[in-house]
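Protein chains: 2
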Amino acid sequence: MISIREVARLAGVSPATVSRVMNGTAKVDEIKKQKVEKVILETGFKPNEAARTLYKKSAHLIGVIVPNIENPFFNEMAKAIENEAYERGYRLTLCSSNDDIEKEKNSIELLGRMNADGIILLTNEDEILEKTKDARIPVVVLDRTVKHKNEVASITSDNYEGGRISMEHMLESGCKNIVAMRGPQNVSSGRDRFKGYLDVCREQHIKEQYVDCSYDYEDGLVRTEEILKTFPEVDGIIAANDMAAISAYKVLRRHGKRVPEDVQLIGFDNIIMSRLMTPELTTVAQPIAEMGAKAAQVLIDHIEGKEVPQKNIFEVELIHRETTR
Amino acid sequence: MISIREVARLAGVSPATVSRVMNGTAKVDEIKKQKVEKVILETGFKPNEAARTLYKKSAHLIGVIVPNIENPFFNEMAKAIENEAYERGYRLTLCSSNDDIEKEKNSIELLGRMNADGIILLTNEDEILEKTKDARIPVVVLDRTVKHKNEVASITSDNYEGGRISMEHMLESGCKNIVAMRGPQNVSSGRDRFKGYLDVCREQHIKEQYVDCSYDYEDGLVRTEEILKTFPEVDGIIAANDMAAISAYKVLRRHGKRVPEDVQLIGFDNIIMSRLMTPELTTVAQPIAEMGAKAAQVLIDHIEGKEVPQKNIFEVELIHRETTR
DNA sequence: CTGAAAGCGCTTACAG
DNA sequence: CTGAAAGCGCTTACAG
Numbered sequence: 001m002i003s004i005r006e007v008a009r010l011a012g013v014s015p016a017t018v019s020r021v022m023n024g025t026a027k028v029d030e031i032k033k034q035k036v037e038k039v040i041l042e043t044g045f046k047p048n049e050a051a052r053t054l055y056k057k058s059a060h061l062i063g064v065i066v067p068n069i070e071n072p073f074f075n076e077m078a079k080a081i082e083n084e085a086y087e088r089g090y091r092l093t094l095c096s097s098n099d100d101i102e103k104e105k106n107s108i109e110l111l112g113r114m115n116a117d118g119i120i121l122l123t124n125e126d127e128i129l130e131k132t133k134d135a136r137i138p139v140v141v142l143d144r145t146v147k148h149k150n151e152v153a154s155i156t157s158d159n160y161e162g163g164r165i166s167m168e169h170m171l172e173s174g175c176k177n178i179v180a181m182r183g184p185q186n187v188s189s190g191r192d193r194f195k196g197y198l199d200v201c202r203e204q205h206i207k208e209q210y211v212d213c214s215y216d217y218e219d220g221l222v223r224t225e226e227i228l229k230t231f232p233e234v235d236g237i238i239a240a241n242d243m244a245a246i247s248a249y250k251v252l253r254r255h256g257k258r259v260p261e262d263v264q265l266i267g268f269d270n271i272i273m274s275r276l277m278t279p280e281l282t283t284v285a286q287p288i289a290e291m292g293a294k295a296a297q298v299l300i301d302h303i304e305g306k307e308v309p310q311k312n313i314f315e316v317e318l319i320h321r322e323t324t325r
Numbered sequence: 001m002i003s004i005r006e007v008a009r010l011a012g013v014s015p016a017t018v019s020r021v022m023n024g025t026a027k028v029d030e031i032k033k034q035k036v037e038k039v040i041l042e043t044g045f046k047p048n049e050a051a052r053t054l055y056k057k058s059a060h061l062i063g064v065i066v067p068n069i070e071n072p073f074f075n076e077m078a079k080a081i082e083n084e085a086y087e088r089g090y091r092l093t094l095c096s097s098n099d100d101i102e103k104e105k106n107s108i109e110l111l112g113r114m115n116a117d118g119i120i121l122l123t124n125e126d127e128i129l130e131k132t133k134d135a136r137i138p139v140v141v142l143d144r145t146v147k148h149k150n151e152v153a154s155i156t157s158d159n160y161e162g163g164r165i166s167m168e169h170m171l172e173s174g175c176k177n178i179v180a181m182r183g184p185q186n187v188s189s190g191r192d193r194f195k196g197y198l199d200v201c202r203e204q205h206i207k208e209q210y211v212d213c214s215y216d217y218e219d220g221l222v223r224t225e226e227i228l229k230t231f232p233e234v235d236g237i238i239a240a241n242d243m244a245a246i247s248a249y250k251v252l253r254r255h256g257k258r259v260p261e262d263v264q265l266i267g268f269d270n271i272i273m274s275r276l277m278t279p280e281l282t283t284v285a286q287p288i289a290e291m292g293a294k295a296a297q298v299l300i301d302h303i304e305g306k307e308v309p310q311k312n313i314f315e316v317e318l319i320h321r322e323t324t325r
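If you read the protein sequences in the order shown, they are chains A and B.
By full-length UniProt numbering, the letter at position 124 of the first sequence is numbered 124, and the numbering carries on one by one without gaps.
By full-length UniProt numbering, the letter at position 270 of the second sequence is numbered 270, and the numbering carries on one by one without gaps.
Everything labelled a hint here was simulated from the structure, so no lab data went into it.
Backbone N, C-alpha and C define an ideal beta-carbon position, used for all residues, glycine too.
Check before you lean on any hint, since a few could be wrong.
Said to hold, decoys possible - Here are the simulated SDA-like pairs of lysine to any residue, each with C-alpha atoms no more than 20 Å apart in a straight line:
#1 A:K103 x B:Y86
#2 A:K79 x B:D99
#3 A:K105 x B:R88
#4 A:K257 x B:E322
As the list claims (entries may be wrong) - Some, not all, of what chain B presents toward chain A, calculated at C-beta under 8 Å:
#5 K46
#6 E49
#7 A59
#8 K79
#9 R91
#10 M114
#11 N115
#12 L228
#13 Y249
#14 M277
Said to hold, decoys possible - So the derived label-pair ranges between C-beta atoms look like this:
#15 B:E102 x A:F314: 24 to 32 Å
#16 A:I2 x B:N23: 27 to 35 Å
#17 B:E322 x A:K46: 50 to 58 Å
#18 B:E307 x A:R275: 42 to 50 Å
Given these sequences and hints, build the entire structure.
Printed below as a string of structure tokens:
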């Protein structure tokens with residue numbers, strides 16, 4: 001690999017001048033500038049990022065930490081973050097624990113060693129929070145609210161409103177016997193969605209009916225069985241998220257229930273799969289792409305010294321498709 | 001951030017000794033060693049990777065280049081690669097073009113600047129091949145055969161056999177009027193699968209029937225409509241891959257066809273979604289996780305100077321689920 | 001076994 | 001506008 005020194009020699013200037021031409025950091029005599037540019041083109045010279053990083057203490061790198069990259073929701077988020085970060089000249093490294101907290105901690109440590117500029121956290125683990133805290137890197141949290149003061153900002157959607165919308169829609173669709181899956185209560189999305197559901201119940205004097213459920217496919221299977229056993233008269237299921245709704249559909253079909261004729265079904269998130277499945281899933285959409293982009297924007301703005309809003313809440317929207325009337 | 005020099009000072013040794021303790025690259029007096037380790041622990045010192053990379057000209061970094069990360073197949077592959085690479089102490093950066101060839105080329109250039117150690121290519125673009133060639137980084141190709149001599153090795157599954165298996169299974173399942181989707185003919189997987197199908201047709205004196213189809217969901221929708229129009233008597237569809245099968249199922253249902261009663265359906269790949277959907281998809285499985293792991297192994301072995309097998313072909317397997325009898 | 005020194009390839013005060 | 005010099009934080013011959 002050719003170095004800046006070599007380029008300088010070929011162009012008859014100093015390395016400093018080559019650097020200035022490359023980065024546009026100072027005025028350079030037009031003749032010399034063109035000469036340097038010519039040499040760079042001819043030699044295919046590419047500056048060594050490690051050297052730059054070493055000097056600047058910034059790798060133009062953002063770490064994204066997700067609980068589980070197999071989950072399409074996180075996957076789509078990561079994609080959105082990546083797009084925005086790329087536009088702004090930052091790269092991404094994705095750290096997924098897959099229930100392996102050690103790996104996740106390692107990743108954060110590595111992020112520090114690699115001179116990462118910031119972290120976007122989609123995880124709720126307190127251990128991870130600790131780690132990010134002493135990594136001394138700015139953190140933006142996505143899909144949950146701020147917990148610690150080292151966290152610069154949070155990006156969420158209006159999960160409470162989403163919870164209300166899904167219940168209201170089930171009611172409007174004529175369900176008489178609705179059962180909700182209560183999502184994980186250790187994350188704000190789970191709590192807020194459920195609270196929205198609950199408030200509608202109270203306002204309409206409907207008795208709440210729910211089972212607990214995580215956001216995973218496997219658990220969705222188990223919990224739907226539980227619903228069918230506990231509430232055999234159920235005619236509407238509010239799933240914890242789209243993934244659980246996909247499980248619910250499968251279990252309903254296995255039990256010979258037609259959707260939406262016998263049981264109506266609504267998800268949450270609007271992951272891509274919700275549209276690919278047949279029947280297409282009615283769901284409450286979070287603007288996943290916009291949220292991811294916003295997270296990247298806010299983090300990078302902060303890295304670059306700008307003021308950023310601490311709270312960023314996105315609106316949700318009912319996507320009426322085929323699993324409800 | 002504290003540096004190695006500071007650690008050395010606190011431990012009363014030279015930076016060289018600290019380095020030797022950290023890396024275990026030379027014998028160090030036990031007393032000093034313990035002292036250094038103590039200081040490292042207390043200070044939370046983490047070596048700066050940029051400095052290391054600069055000296056070693058290796059970032060322990062592998063680039064994975066996929067045509068489109070939205071495609072679950074590539075996604076699952078990347079996941080598998082990441083797991084294996086992580087075990088071996090390498091990180092990954094994912095480069096996805098999303099039809100943006102400029103972005104992809106930029107990514108490869110960046111890979112070079114970042115002192116990446118190797119590249120795993122899942123793409124077939126000739127322009128990309130050129131770029132990787134002059135990046136002078138070892139390349140392993142996944143899911144297609146070697147084209148250029150700068151490519152160290154290839155990892156594929158037995159697509160030809162898979163093509164045969166799917167056709168044979170449709171026949172055994174009693175289909176009388178089978179239509180195949182011919183996958184993209186510019187990639188070896190598409191060509192080989194189709195050839196397998198074709199050979200079974202010839203051996204059994206069956207007239208071949210097919211439409212062209214890409215590996216995408218959207219195209220799958222269009223092509224299935226085409227099948228239904230051109231071959232209204234169809235009772236078996238061999239999809240180009242699982243994604244196209246998911247589309248096919250949707251279109252079949254829209255036309256009131258029952259699966260598998262009226263039309264049987266088989267996919268290819270065994271992506272996770274094929275099991276999540278309802279009905280669960282019969283498919284020909286490629287061992288995605290093993291293939292990804294192998295790609296990482298072979299590449300890293302090569303980076304580390306070992307001899308590696310040039311051709312690595314994995315067996316495929318029929319996964320009989322609910323869309324065929 | 002160990003330290004001083006050189007060097008990896010950049011960038012940026014500093015002096016002119 | 002421009003170059004010589006110092007420095008970013010490591011690692012590894014080299015000499016002892």
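Comparing the hints with the structure gives:
Of the supplied pair hints, the one linking K103 of chain A and Y86 of chain B holds, its CA atoms being roughly 9 Å apart against a limit of 20 Å. Taken as a hint, the K79 of chain A and D99 of chain B pair is honoured in the structure, with Cα atoms around 14 Å apart against an allowance of 20 Å. Annotation: proposed proximity of K105 of chain A to R88 of chain B holds, straight-line Cα distance about 17 Å (limit 20 Å). Restraint check: the Cα-Cα separation between K257 of chain A and E322 of chain B comes to about 17 Å, which is no more than 20 Å; the hinted pair holds.
Taking 8 Å as the C-beta cut-off, the interface hint given for K46 of chain B holds, the closest approach to chain A being about 5 Å. With 8 Å as the threshold, the beta carbon of E49 of chain B comes within range of chain A, its nearest partner Cβ sitting at about 5 Å, so the hint holds. The beta carbon of A59 of chain B comes within 7 Å of a beta carbon in chain A, closer than 8 Å, and the hint placing it at the interface holds. Interface restraint check for K79 of chain B: the shortest CB-CB distance to chain A comes to about 6 Å, inside 8 Å, so the restraint holds.
This hint holds: R91 of chain B has a C-beta 6 Å from the nearest C-beta of chain A, less than the 8 Å allowed. Taking 8 Å as the C-beta contact cut-off toward chain A, the hint placing M114 of chain B at the interface holds, the least distance being around 5 Å. For N115 of chain B, the suggested interface contact is upheld, since its CB lies about 6 Å from the closest CB of chain A, less than 8 Å. Hint status for L228 of chain B relative to chain A: violated, with the closest Cβ pair at about 15 Å, above 8 Å.
Here the hint on Y249 of chain B is kept, as its CB sits about 6 Å from the closest CB of chain A, short of 8 Å. Look at M277 of chain B: its Cβ gets to within about 6 Å of chain A, closer than 8 Å, so that hint holds up. In this structure, E102 of chain B and F314 of chain A meet the distance hint of 24 to 32 Å, their C-beta atoms being roughly 30 Å apart. The given range of 27 to 35 Å is respected by I2 of chain A and N23 of chain B, whose C-beta atoms sit roughly 29 Å from each other.
For E322 of chain B and K46 of chain A, the hinted distance range of 50 to 58 Å is satisfied, since their beta carbons lie about 52 Å from each other. Judged by the Cβ atoms, the range 42 to 50 Å given for E307 of chain B and R275 of chain A holds: they are separated by roughly 48 Å.
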